[in-house]
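Take the sequence shown: its position 363, counted from the start at 1, is 363 in full-length UniProt numbering, and no numbers get skipped.
In case anyone wonders, no lab produced these hints; they're calculated from the structure.
There may be inaccurate statements among the hints.
Claimed, not checked - List of simulated lysine-lysine pairs, DSS-like, C-alpha gap at most 30 Å:
1. 104 / 145
2. 316 / 376
3. 470 / 764
4. 168 / 41
5. 81 / 145
6. 536 / 466
7. 463 / 593
8. 79 / 161
9. 466 / 642
10. 79 / 316
11. 376 / 306
Said to hold, decoys possible - Label pairs and their calculated CB-CB ranges:
12. 642 / 362: 51 to 61 Å
13. 535 / 418: 47 to 57 Å
14. 228 / 503: 16 to 26 Å
15. 493 / 314: 43 to 53 Å
16. 489 / 535: 15 to 25 Å
17. 439 / 372: 48 to 58 Å
18. 696 / 493: 34 to 44 Å
19. 169 / 280: 24 to 34 Å
20. 489 / 361: 43 to 53 Å
21. 315 / 356: 50 to 60 Å
22. 307 / 692: 36 to 46 Å
23. 342 / 486: 48 to 58 Å
24. 136 / 174: 47 to 57 Å
25. 356 / 489: 31 to 41 Å
Glycine included, every Cβ here is placed at the ideal spot set by N, Cα and C.
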Amino acid sequence: MEVTPSGGENELSVIPVFKENPRDIPMAMLYTVDKEHSFGKVCLKLRGILGMPLDHPMAIQTLDLNSNNGVAPLLREAKNKILTMDVDNRFDGVKWHGFGEPSKVITIIPILAPSGFFGFTIVGANPRRPIDERYEQFMRDISSKLSAIGASVMTSEENRKREEKLQKELAESTNRIRFMAEHASIGMQYLSTDGTTIWANDEYYRLTGHPREEEAHYPLSFLDTYVPEDRIIAHNDWTRLLQGEHNISSELHLKHEYIPPSGNPEPSCVLMQSFRVTENDQLSSVIVFTTDISTFKWAQASEARKAAEASEAKRKQEEFIDLLSHELRNPLSAIFQLADTVINSFPEGHHVSTTDYVEALRSNIENANTIIMCAKHQKRIVDDVLTLSKLKYTMLSISPRPAQLPNLTRQTVTMFQQELISHKITIETVADASLSEHEIDWVMCDKLRIQQILINLLTNAIKFTKMESKREIEVRFGACLSDPRSHFPNMYWAPQQQSEAADLTTDSEWGYGKSLYLTLMVRDSGVGMSIGEIQKLFTRFEQANERTSIRYGGSGLGLFVSQKLAEKQGGEIGVLSSPGTGSTFGFYVKSRKSDKNLVEHTDAGKKLEFSQPTPPCSPMAPCIIPQAKRENLTKGPVDLTKIHVLLVEDNIVNQHVVNKQLSKAGHKVYLANHGGEALEIIRQMDVWHETPEGKHLDIILMDWEMPIMDGLTCSREIRRLQMEGKINRHIEILATTANARPEQIATALDSGIDSVMVKPFLVKNLIQRMRERLTISPKSTLSIKSLPSS
Numbered sequence: 001m002e003v004t005p006s007g008g009e010n011e012l013s014v015i016p017v018f019k020e021n022p023r024d025i026p027m028a029m030l031y032t033v034d035k036e037h038s039f040g041k042v043c044l045k046l047r048g049i050l051g052m053p054l055d056h057p058m059a060i061q062t063l064d065l066n067s068n069n070g071v072a073p074l075l076r077e078a079k080n081k082i083l084t085m086d087v088d089n090r091f092d093g094v095k096w097h098g099f100g101e102p103s104k105v106i107t108i109i110p111i112l113a114p115s116g117f118f119g120f121t122i123v124g125a126n127p128r129r130p131i132d133e134r135y136e137q138f139m140r141d142i143s144s145k146l147s148a149i150g151a152s153v154m155t156s157e158e159n160r161k162r163e164e165k166l167q168k169e170l171a172e173s174t175n176r177i178r179f180m181a182e183h184a185s186i187g188m189q190y191l192s193t194d195g196t197t198i199w200a201n202d203e204y205y206r207l208t209g210h211p212r213e214e215e216a217h218y219p220l221s222f223l224d225t226y227v228p229e230d231r232i233i234a235h236n237d238w239t240r241l242l243q244g245e246h247n248i249s250s251e252l253h254l255k256h257e258y259i260p261p262s263g264n265p266e267p268s269c270v271l272m273q274s275f276r277v278t279e280n281d282q283l284s285s286v287i288v289f290t291t292d293i294s295t296f297k298w299a300q301a302s303e304a305r306k307a308a309e310a311s312e313a314k315r316k317q318e319e320f321i322d323l324l325s326h327e328l329r330n331p332l333s334a335i336f337q338l339a340d341t342v343i344n345s346f347p348e349g350h351h352v353s354t355t356d357y358v359e360a361l362r363s364n365i366e367n368a369n370t371i372i373m374c375a376k377h378q379k380r381i382v383d384d385v386l387t388l389s390k391l392k393y394t395m396l397s398i399s400p401r402p403a404q405l406p407n408l409t410r411q412t413v414t415m416f417q418q419e420l421i422s423h424k425i426t427i428e429t430v431a432d433a434s435l436s437e438h439e440i441d442w443v444m445c446d447k448l449r450i451q452q453i454l455i456n457l458l459t460n461a462i463k464f465t466k467m468e469s470k471r472e473i474e475v476r477f478g479a480c481l482s483d484p485r486s487h488f489p490n491m492y493w494a495p496q497q498q499s500e501a502a503d504l505t506t507d508s509e510w511g512y513g514k515s516l517y518l519t520l521m522v523r524d525s526g527v528g529m530s531i532g533e534i535q536k537l538f539t540r541f542e543q544a545n546e547r548t549s550i551r552y553g554g555s556g557l558g559l560f561v562s563q564k565l566a567e568k569q570g571g572e573i574g575v576l577s578s579p580g581t582g583s584t585f586g587f588y589v590k591s592r593k594s595d596k597n598l599v600e601h602t603d604a605g606k607k608l609e610f611s612q613p614t615p616p617c618s619p620m621a622p623c624i625i626p627q628a629k630r631e632n633l634t635k636g637p638v639d640l641t642k643i644h645v646l647l648v649e650d651n652i653v654n655q656h657v658v659n660k661q662l663s664k665a666g667h668k669v670y671l672a673n674h675g676g677e678a679l680e681i682i683r684q685m686d687v688w689h690e691t692p693e694g695k696h697l698d699i700i701l702m703d704w705e706m707p708i709m710d711g712l713t714c715s716r717e718i719r720r721l722q723m724e725g726k727i728n729r730h731i732e733i734l735a736t737t738a739n740a741r742p743e744q745i746a747t748a749l750d751s752g753i754d755s756v757m758v759k760p761f762l763v764k765n766l767i768q769r770m771r772e773r774l775t776i777s778p779k780s781t782l783s784i785k786s787l788p789s790s
């Protein structure tokens, strides 16, 4: 009887072969190792039997080699060798094939393969053949054949199982990759060579807004997701991939909008990374990864904007400090020089007449008035800075006192009387009919704060009018009970810089008079402004345009402070202007009628009050002399008792004081209001190549900040003309400037200036410095290599 218990013996085809020779093999059993169930033990599986009944005790289907069941003890003995043994009663009941006679012996053959133990074959011997050398050789031959077949089967099985394992692992890996791709935070897209999307993950569709429908995936349909200007870039990238580039990375903008944390929506920005997929060196497809970098780019741009704004704010602040320094040092220089003049003004000797003393007194009174005017100018600037500081830290208080608007206005105008006369400006003060109409006499207001605004407006009016052919200023004041804006038709109002302030006039210190608004306007016949320039006016440190400070001076602070002060008093400030027609500045503040006529006895128009004593100043400013070697250029001997000086200075007071003192010391002075005038005067001097017989010139005193052409530009132009030979010898240029920072001094020296004297200084020290410069040996004369153009 032939049996195949598990079907596994077909792999060896052992039992069918044995069946063909039943006499020599009347009984056979095949066991192979069952690796699937061999956990910590050797488990054998019955793969086939011949002549052995299925229910025989020796025919155990699954056998533990280490047990004592069935043939296990016999198999253990034959594990490493062929074992032949006598048949005992354990084999009773076997249906022997061949002659039908029981075998006298059985042989157990271990099946060994190179990769390990495979199993056992048990065969019964021919009962009619002797058990001799031929039998043993027959068994060895069977063992050899079975081991070869077992090795082949084992390898095939291992390969099959390895393949199954790899297939399983590949399926798991594919599922993992697909899961990762579907849930990745970047877009993934798989395209054919004609640009059709074969597959894309959810993130790609979310990022790009590309439709998912199959009909929307036509060749190069992905290009439709980009903004028009970047669509061209994406198409070029695709062409480069087709032409052989292996990978391309580009930053592109999508039509799909990104909503930033602040600001308006903008096109999404993505990083596209495209890769060629090849088979046999031929392009088969393209993989594209899309990373959303919108937030990063927005943050980067925001950071760059903040850095630029911080840099611009720093630049404006430094510029403001420079301008403030200039505005403060200029009058201080005049104060020093005039004070020195007063000290040394009285004539000495036996032949001094009364007339000489009277003349000296008259001159000193004039000098004292000029000193007061300069001090007032400084005080106005300091007041603005202090006010700004108090506004910043909300320390500014409004203190109402009874006042008459006409007196307040006229007192403020009187402060500028000397300056108006010196610039030949006519001014008119006009009371509006609204004062009498509403029977307004005394009002409650902060007189000093209103004056501070009015002073700033008058300062600007004078500054922008003094250089015009028509020089007129009108100050108009009035009042209204409501709708104050209606008193200023067509005016551009400064944007509110703070939320609406509480009504201060409700406090008891304002009294209980009728509520009203005070209105004031300052109109000038200056240059006027465009709407673009007007919109920049009320920004701190800003002026109407970048040439305003060059042409007219100033710090760009006054109007900003004025706006803050007006808003603090429940009002507004505005302007009406157009180029060539002058400007009208107007403001209003909230007030109340005074319920009592309280007259203040202090006259702010005649008395200057300083919150701090003025610190002592050094009598002589430092002088900076460049140390660079200078090449020999000849110049004739200089008469140091009569130096011919070109004074280039835009400040009329400083110009007048320095000219007067230099002339008194016996020197010849030529005057220029700015660099352009200085160049015109030089063309008439003996240093000019076309006018060798012209007026003699020894040295130039050059201010830095001037209208039309500043001192540095003028100095560079002089050195250029000298290099070209149009100026026939070296002219000493001594800068007299309020710009005192080391880098500013270095800039001046780099511009062709020979030496710098920082304001304020005494004229006697200036004369000493001029003499030192004019007596420097030829080896110390400036070497002109290359100077930057203006």
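Here is what the structure says about each hint:
1. 104 / 145: Roughly 24 Å between the alpha carbons, so the hint for residue 104 and residue 145 holds.
2. 316 / 376: 26 Å, holds
3. 470 / 764: 38 Å, violated
4. 168 / 41: 27 Å, holds
5. 81 / 145: 15 Å, holds
6. 536 / 466: Holds: residue 536 and residue 466 sit about 23 Å apart, inside 30 Å.
7. 463 / 593: Given pair residue 463, residue 593 is violated - Cα atoms ~34 Å apart, limit 30 Å.
8. 79 / 161: With Cα atoms ~26 Å apart, residue 79 and residue 161 stay inside 30 Å; holds.
9. 466 / 642: Violated: residue 466 and residue 642 sit about 33 Å apart, past 30 Å.
10. 79 / 316: 98 Å, violated
11. 376 / 306: 39 Å, violated
12. 642 / 362: 51 to 61 Å: Cβ of residue 642 to Cβ of residue 362: about 27 Å, so the range 51 to 61 Å is violated.
13. 535 / 418: 47 to 57 Å: 34 Å, violated
14. 228 / 503: 16 to 26 Å: 55 Å, violated
15. 493 / 314: 43 to 53 Å: 30 Å, violated
16. 489 / 535: 15 to 25 Å: 19 Å, holds
17. 439 / 372: 48 to 58 Å: 38 Å, violated
18. 696 / 493: 34 to 44 Å: 57 Å, violated
19. 169 / 280: 24 to 34 Å: 26 Å Cβ-Cβ, so the 24 to 34 Å window holds.
20. 489 / 361: 43 to 53 Å: 52 Å, holds
21. 315 / 356: 50 to 60 Å: With Cβ atoms ~54 Å apart, the hint holds.
22. 307 / 692: 36 to 46 Å: Given about 56 Å between the Cβ atoms, the range is violated.
23. 342 / 486: 48 to 58 Å: 52 Å, holds
24. 136 / 174: 47 to 57 Å: For residue 136 and residue 174 the Cβ distance comes to about 55 Å; the hint holds.
25. 356 / 489: 31 to 41 Å: 59 Å, violated
The structure fails hints 3, 7, 9, 10, 11, 12, 13, 14, 15, 17, 18, 22, 25 (numbered hints given earlier, in ascending order).
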